[in-house]
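There are 2 protein chains.
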Amino acid sequence: MDITEFRKRGKEMVDYVADYLETIEQRQVYPDVEPGYLRSLIPEEAPDEPEAYEDVIQDIERVIMPGVTHWHSPFFFAYFPTASSFPAMLADMLCGAIGCIGFSWAASPACTELETVMLDWLGKMLRLPKDFLAGTEGQGGGVIQGTASEATLVALLAARSRIVKQIQAHDPQRSEVEIISKLVAYSSDQAHSSVERAGLIGGVRMKKMSTDGKFAVCGETFRKTLEEDKASGLIPFYFCATLGTTPSCAFDRITELGPICNAEGMWMHIDAAYAGSAFICPEFRPLLDGVEFADSFNFNPHKWLLVNFDCSTMWVKRRADIIGAFKMDPLYLKHDHQESGLVTDYRHWQIPLGRRFRSLKLWFVFRMYGLRGLQAYIRKHVGLAKEFERLVRNDERFEICADVVLGLVCFRLKGSNELNELLLRRINGARRVHLVPCQLAGAFVLRFAVCSRTTESRHAQEAWRHISELASELLRGQKLQIKE
Amino acid sequence: MDITEFRKRGKEMVDYVADYLETIEQRQVYPDVEPGYLRSLIPEEAPDEPEAYEDVIQDIERVIMPGVTHWHSPFFFAYFPTASSFPAMLADMLCGAIGCIGFSWAASPACTELETVMLDWLGKMLRLPKDFLAGTEGQGGGVIQGTASEATLVALLAARSRIVKQIQAHDPQRSEVEIISKLVAYSSDQAHSSVERAGLIGGVRMKKMSTDGKFAVCGETFRKTLEEDKASGLIPFYFCATLGTTPSCAFDRITELGPICNAEGMWMHIDAAYAGSAFICPEFRPLLDGVEFADSFNFNPHKWLLVNFDCSTMWVKRRADIIGAFKMDPLYLKHDHQESGLVTDYRHWQIPLGRRFRSLKLWFVFRMYGLRGLQAYIRKHVGLAKEFERLVRNDERFEICADVVLGLVCFRLKGSNELNELLLRRINGARRVHLVPCQLAGAFVLRFAVCSRTTESRHAQEAWRHISELASELLRGQKLQIKE
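So the sequence lines, in the order shown, correspond to chains A and B. Heads up: the first sequence at position 371 corresponds to 376 in our numbering, and the numbers run straight through without jumps. Heads up: the second sequence at position 439 corresponds to 444 in our numbering, and the numbers run straight through without jumps.
Derived by calculation from the structure, the hints in this document are not laboratory data. Source: prediction; values computed, not measured. Careful: at least some of the hints might be erroneous.
Repeated chains share a single entry, so a pair holds when one copy, or any two copies, can fit it.
[Unchecked claim] With a cut-off of at most 30 Å between alpha-carbon atoms, the simulated DSS-like pairs for lysine-lysine come out as follows:
id: 1; residue 1: K213; residue 2: K187
id: 2; residue 1: K385; residue 2: K13
id: 3; residue 1: K391; residue 2: K339
id: 4; residue 1: K187; residue 2: K419
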């Protein structure tokens, strides 16, 4: 394909993308295919000779679309949202064309510098304490990670490295292996599975703290566990707090937990993967109070801030902590400016070496929406969740299972877990809307997350009508069974 | 921005991208900017209200381009290539629009299934042993990782988990911590820094094996080290072999090393990040002989196979090994088909949870180039490297420092390291071409890597003329200094 053909095909692709998104509502949100469906639809080997572009494009509808779960359908209410916006897609095209690999400042200065400044912009939008900003002289700063899982892991590894160095500074005899064998990290029993996984990868003990009636970890529980663990010779070193848990969007009490972590010299990382975007609104910013006690903070603009995946933003108070855990400098990556204070080599901040020019997406989105546009977007989603909550509350067969704070509604039929499992199966079986479940205090619960950029009141209303009809059918069927 | 404006802006962006790539040769390959250049060019905060799209676009040339290192300029010969092709860019646009997060089969079946089949296609192109293919009943299979660093780490973690389980199966008394404290992993002293980093993250000892005159690890050295380590109570568990090292594109002798790893029950991972793409050509396939002894194999189509970053392909012989190291199944990620043999949940294969629909890029590239087109591309680059090698060899002031096997030429002025450092400084200072150095057996060496898709003979010739002129100037200056 030469450049002339690319101009033509690229414009056709823009139209295909626009058509897809414009009519996505008419597609079935969740596919019908069975496992293994795709293999038989295409050849067993790559072609020897080039094929016609038309043939490739035709296969999108024939091979791919039948197996796509349409995350951007306004009837998709599963998991959490993944962001999509036109400015982000345009920026991504530019990112692909520049195609630089920004592992060091020299590898493409613009890639590194725009990232640092965009993370400062976003940090200011969140009113993060100044310690987290890079500015021109700060000790802290931000970085774009691929996912929140990576941010959690990077923070844990930085914390592990810091505590080992601290202990060895006082007691040079103690080996790293022996120290690591005594370390213990903590998170909520509601924390994302990736937190437990970070412990597994880092080879440290990870304890899940029990939560209160609001599914939040509180200071009292934490303090008690710490005392017990220290008494038995363990070394608490890392706490991963969650703001906006995956099951129910609960908020750990970081104003209580933060001071404890600080007093104990533990690293506090805050994972606000989903909820973080909301903190750009003054009315939701109090949920972030206590961030001043944290060592690192992370959330995913690629979830709820209109920046297409991947873009997980992470800030640290002391860059030195994070760099210290990883720094390696082979000659082929050295460059002249390396030792100057202004230069950031992001390869020392992350697990991968290579990285795309992802800050372009932030830049385009911030400028094309403006802070007010982004706030309006968050508020619209929260409004839709509240609207859905009211619909559920008005139906006495149902119950709401957790406070609706942002865009997630946890609900269920009053009754057994089996009944609710059956309801969910019917909902997803009907393919009109798509939801996933969670478990809250032993109860099987349905999660309704407002996801798509194009979800409106009519979609929430229609989803509710459909769910409540399926519930009626189900309950009627059950009554019949009992009668029989 | 509404959908109508996106159609317009998208097409303009296609033209901007095409213009950029069409005229990239005229841009200075390496930028003039000083650290911190960008911050003063843009506001200190995000705008409150949306800006005009024209203003954003104008800032590309004003703010971004002056700080870009143009990796796709035909005068870029630094690091290793990063791939770029029109079919891959088109696929990436589609990937952004579908915007699904394929962490599990159910999250978007097409995303998972196309990946499995594309990795089989690519595996067949490489003539990988059948054990590495998924097929419909295989125990192995492939996955797209973000980078080779992640593949190396995932393999190490899988190996760590496997050996711990094996030892505990015989001796349930031994704790994981104690076993890990005895583990030892190995790589070449020429291996990429990410290999050492994987050891650091995994909390295991990592030993660098010394290499022979060809910068390769050979069986003899390895066997000796193993014996010594076992005698001192350590447990060898992982060897990361490199095919095509970063400094000089050297090849560890895997036909010797593989049988040793197998006999010792060690995990052998092969990192062929750069060189792997060449193995689709029959004449370079012998370089991969010995892969049959490996547990896992990885290379980066995003380097040299015309697939834009990120796309690092990894195969394992036993999926169970890799999944066993990570598997966690919270309720919100469970789905009906999970337990069937045909289903792959790729979240268990990688560090992040989320993942893009990257296999679309492979599909488009394979079909639009065909195997022959891809082979021709590899051969063209190797030819250009050979051409540059001849130019160097014809100039008796210079020496070639390592065999030119693929697209990398390692060369230097006969003389001191200082002289060569000075030459490189002048080359990069002149900004006409961009190179980075490496160290080989104590010598400071210049690396000339054929990188861009559009590099032709005239660029290699011009680069050589320029380098040799700079060398003449430098040597003249030095003679004058001596005379004075």
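So, going through the hints one by one against the coordinates:
no., hint, verdict
1, K213 x K187, "both (17 Å within a copy, 28 Å between copies)"
2, K385 x K13, "between (37 Å within a copy, 27 Å between copies)"
3, K391 x K339, "between (53 Å within a copy, 27 Å between copies)"
4, K187 x K419, "neither (45 Å within a copy, 54 Å between copies)"
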